Amino acid sequence: MAMIDPASLESIEAPAMHIPDGFVSAPVAGVGFALAGVAIGFAVWRANRTIGERFVPLMGVMAAFIFAAQMLNFPVAGGTSGHMVGGALAAILLGPWAAMIAMTSVVAVQALVFQDGGLAALGANVFNMAVVACLVGYVVYTVLIRFSHIAPWVRYVAAFAAAWFAVELAAVACSIELALSDTSPLSVALPAMVGVHAAIGVGEGLITVAAVAFVTATRPDLLAAQVPVTED
Amino acid sequence: MKLQHYLGLLVVGIGIAVLITFFSPLASSEPDGLEKVAENEGFIKEAKDAPYEVIADYALPWVDNEDVGTILGGIIGVFIVAAITLAAGVLLWRLRGAQRPTSSGGEPS
Chain W
1 MAMIDPASLE SIEAPAMHIP DGFVSAPVAG VGFALAGVAI GFAVWRANRT IGERFVPLMG
61 VMAAFIFAAQ MLNFPVAGGT SGHMVGGALA AILLGPWAAM IAMTSVVAVQ ALVFQDGGLA
121 ALGANVFNMA VVACLVGYVV YTVLIRFSHI APWVRYVAAF AAAWFAVELA AVACSIELAL
181 SDTSPLSVAL PAMVGVHAAI GVGEGLITVA AVAFVTATRP DLLAAQVPVT ED
Chain H
233 MKLQHYLGLL VVGIGIAVLI TFFSPLASSE PDGLEKVAEN EGFIKEAKDA PYEVIADYAL
293 PWVDNEDVGT ILGGIIGVFI VAAITLAAGV LLWRLRGAQR PTSSGGEPS
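If you're matching them up, the sequences are chains W and H in order.
Each residue of the first sequence is one higher than the last, beginning at 1 in the numbering used here.
Each residue of the second sequence is one higher than the last, beginning at 233 in the numbering used here.
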């Protein structure tokens, strides 16, 4: 951002996966809000029944961390950059429901205060980055963590895979929304988005592994409630 | 539920987030994933400007130095996001269904 050239200042920022207004049609935007609303409503209902006290401060910390981490665009091949989404990391540490709520507040503040992601597209953005990313990340992580009895590092493989697949599936959802909006046909948008985010997902995976390793080293109790410990 | 019992976690966690924002001027300004695809496939022009701007592009508009403006914008964002999420969490905890009335654990599933 420091050396941004004047011409690109005029352009509209559309960071990694934040859809700006204009990319999604009114019906797709509406369906986005409906799907996001149902999913977040369900997440609130589930989190309300299962929330543990320590998850309250951890939700705030995770949301703050993910907001900050999303500002750090890292370069990937071909004059492209990407940044963390964070859905998988949030789901690993908070479980999927509290993670969805934390991610929703990140994405909503980005749209409402920082003009990152459109207002009409907010529902679609919440669906992609809060709902799809958290659910996919959680499912992949919980499936792979069952093999953590093999070696301690399996946890990190699980975290990496969770992050990579979360980003890819969010990119797939984004492509479908662009196609349904007649912005870009699926045959064009899908391979392009999946291709770019395959690289961005590697960065996402590395950051997620680093964060999980950091929490494991400093506050293993925060993971204990979440990771099915296999030695018992 | 008293958030002050978790002051250490909150200060260290949010402190790390604030520290990260100090690196934001180093962030790559290359077009990112969706933006690049939109440029390549020719639909970037369909993007519309936001109807209003508060802290557009994460830089405080009234700070001359863009690096400083971006860091301050990021710090403001960190605190807004933390405050909203903590408020949501406290509300969820206060109104909890008390399915498992534990005071510490409680695993989300």
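Hints may be right or wrong, so weigh each one.
Unchecked claim - Far from chain H by the CB rule (all over 10 Å, computed), these chain W residues:
#1 M17
#2 I19
#3 F33
#4 L35
#5 F42
#6 V109
#7 L112
#8 V139
#9 S148
#10 H149
#11 A161
#12 F165
#13 A217
To be verified - Derived, one-sided and incomplete: chain H residues facing chain W with beta-carbon distance under 8 Å:
#14 A259
#15 E262
#16 E285
If you are wondering where the hints come from, they were derived from the structure by calculation, not from laboratory data.
Since the model is a prediction, treat every value here as computed from it, not as a measurement.
Glycine is no exception: its CB is placed at the ideal position from the N, C-alpha and C atoms.
(request) Provide an ascending list of the numbers of those earlier hints which the structure does not satisfy. (result) 1, 2, 6, 7
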